[in-house]
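Participant: What follows is the residue order along each chain.
Protein chains: 2
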Amino acid sequence: MNALNKLLTKNNENKFVCVGLDTDIKKIPRHLFHSENPVIEFNKKIIKATKENVAAYKINFAFYEKDGLKGIENLTKTISFIPEDILIIADAKRGDIGNTSKMYAQSVFDYFKCDAITLNPLMGKDSVEPFLEYHNKLNFILALTSNPGSADFEKLKLEDGEFVYQKIIDEVNKWNVHSNCGIVFGATNTAELGKNMERINSLPVLLPGIGAQGGSLEDVIKTFKKFKRRNFLINVSRGIIYKSEGVDFAEAAHIELNNLNNQIDIYLNDSPAD
Amino acid sequence: MNALNKLLTKNNENKFVCVGLDTDIKKIPRHLFHSENPVIEFNKKIIKATKENVAAYKINFAFYEKDGLKGIENLTKTISFIPEDILIIADAKRGDIGNTSKMYAQSVFDYFKCDAITLNPLMGKDSVEPFLEYHNKLNFILALTSNPGSADFEKLKLEDGEFVYQKIIDEVNKWNVHSNCGIVFGATNTAELGKNMERINSLPVLLPGIGAQGGSLEDVIKTFKKFKRRNFLINVSRGIIYKSEGVDFAEAAHIELNNLNNQIDIYLNDSPAD
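These protein sequence lines map, in sequence, to chains A and B. The C-terminal residue of the first sequence carries number 275 in the working numbering, and the numbering is unbroken. The C-terminal residue of the second sequence carries number 275 in the working numbering, and the numbering is unbroken.
Hints listed in this document are in silico derivations from the structure and should not be mistaken for laboratory results. Note that the structure is a prediction, hence the values are computed from the model and not measured. Keep in mind that the hints are not guaranteed to be accurate.
Same chains, same names: a pair is fine if it fits in one copy or spans any two.
BS3-like, lysine-lysine: derived pairs with alpha carbons at most 30 Å apart [what the hints assert, rightly or not]: (1) Lys103 <-> Lys71; (2) Lys244 <-> Lys45; (3) Lys27 <-> Lys49; (4) Lys196 <-> Lys156; (5) Lys103 <-> Lys28; (6) Lys229 <-> Lys103; (7) Lys126 <-> Lys28; (8) Lys45 <-> Lys27; (9) Lys45 <-> Lys196.
Next comes chain A alone, as it looks inside the complex:
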C-alpha cells in the first residue's frame, strides 16, 4: 500500500492523530532504566498501546541522531515495531542540492524504509525533486510552522501582497504531479489555516503545534470540517507519550489518544460548522 493510501485509509476510519515519537531519555519513566534499552522499551510499549487507534507515527530523527550509532539502532528497532499498515513519517526536515537530497532520500526511504518525510523547501524545487521521484512515498513540505520563528521568514510579505509560506503552498501544488506531496502547517496558526484552505487544495496536511506549543484542537478540526476536508494529521508528541511518568505511562498514552480521538469526533461530526 502506498503512503497516501495508508493515510487516507486511517482518515476514513476517523483516525487523525499522529503520535510523535520524540523519545528523550531524560523524560521517560524512571522504572524503565532497569531494562537493557530504556528508549526501545519505552517506544515498544507506547506503540503497542496506541497502534489500534493512531493514524500515523512521526519519528523525530534528531532525538535518535544525538545518540550516534546507538540512536540509529534505536531508530531501526522502533520502526520495526510499527505495523505495516500505519504511516511512518520521518520528521527529518531535510533539503539540499539535488545530488545531496538524493542521498537523504535513500537514507529515509531505502535504508530506514519510512513511508513519508518532512522537507524544508527553502532551497527550492531541485532540492525536493529527488524525494518526489519516490511516487509511493509522501513528502510533507514545511509551509507555515508552529514555532514563534515562523514570523521571521515564512510570514514575510512579498511584493505581490502574498506571504512566503503561501508561495510555498502554491509551488507544492505544482510539484504534486504524482500525488506524493503534503504540507506541514502549524496548528498555532489557525487564522492562517482558515484563510488558506482553498490554496492548500487537496494536499494532505500535517499539523504540529497542538498541546505543548498551544494550538487549539477545536479550531483546527472545525476549519477542516468547514471545508469538508478529511485528509490531515494532528501531531501530538509530548502530550501523549509523556502523559504519565509512572508505570502506567503506556496506558496513559492510550487513554489520552482515545480522548483526543473522541474530541476530534465531536468537533468533526456533531457540532455545526460555523
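Position chain B relative to chain A; hints supplied.
Facilitator: Same frame as chain A, now just chain B:
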C-alpha cells in the same frame, strides 16, 4: 582553539579552500574495493594528501547517513583523521523547533565533535538558537544557495524591495552576538555577492558552487579582494576528490588543491581590483 579562530588562522595563512568530503562509493577508484572499507580508505588518503594546504573540511552528512549504521561509523572514523587545528564543517543543513534543534546540535557538536555546521534558517530564530548557544562553534546559515532552486524562495522580492536572502543575512548579523555565525552564499551568484558584501558585514562566508555547479573562482575572489575581506571558504568537493579515478587519486587531489590555492593567490594578491 575555537572554530572561528581555526578558520581565521588558516585564512591568514592564505588558505581558503574547503575540501568537501562528499564521498560516494559509486565514484571512488575501483582499486580501493580490495580494501576492507573503501570509503574510509578513500577519505584517509584524501585527507592525508590535502591536510597541509586545506583551510577546512566539509563533511556532507547525507552521503554517510544513506548507509545507516555503517555510515555513522564512517563519519566518526573520517572525523578522527582530521588534524585538531583544521575546521570540520558538518554540512547537515539542520533546523527545527527549539527542543528538536537542541538535539541536532548535540548530535553534530557533542557526539561527532564537529567545529561547525550548516543550518537552514527557514523556521526562524528559535530554530537556530540552540546552535548559537555553543559559543565556540561556527554556524553557517543558508542565505543564497548555489543551486537553480535558489530562485524559487530565497530570491523572492519582499514588499520593501529587498529579497528573502537579504533579510536572512540581516537577521544572521543580529544573531551573531557571540561571533559564532557565518553564512552560506553560492558562488554561482557572483553579481549578488558583490552587491551584498557590505550587508554581509564581518560574517565568515562559506561559498559552494565552484566547479561542477559553474561558479567562477576568479569573480568570487576578486569580489572579496575589492572589499578587503579575507574570512571566507571556497568549497570544492567533486572537483578535488574525484580529480582522478586512478591509483593516483590522492596525489591528483593534492595537485588540484595546490592549483586552486595558486589561482586564489594570484587573484587575491597580484591582480588589480576592478
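Participant: The structure should be examined with respect to each hint, and the outcome stated for every one.
Facilitator: Results for each hint:
no.	hint	result
1	Lys103 <-> Lys71	both (25 Å within a copy, 18 Å between copies)
2	Lys244 <-> Lys45	within (16 Å within a copy, 48 Å between copies)
3	Lys27 <-> Lys49	within (21 Å within a copy, 40 Å between copies)
4	Lys196 <-> Lys156	both (14 Å within a copy, 25 Å between copies)
5	Lys103 <-> Lys28	between (34 Å within a copy, 15 Å between copies)
6	Lys229 <-> Lys103	neither (36 Å within a copy, 38 Å between copies)
7	Lys126 <-> Lys28	between (38 Å within a copy, 25 Å between copies)
8	Lys45 <-> Lys27	within (17 Å within a copy, 37 Å between copies)
9	Lys45 <-> Lys196	neither (40 Å within a copy, 55 Å between copies)
Figure legend: structure checked against the earlier numbered hints; hints not met, in rising order: 6 and 9.
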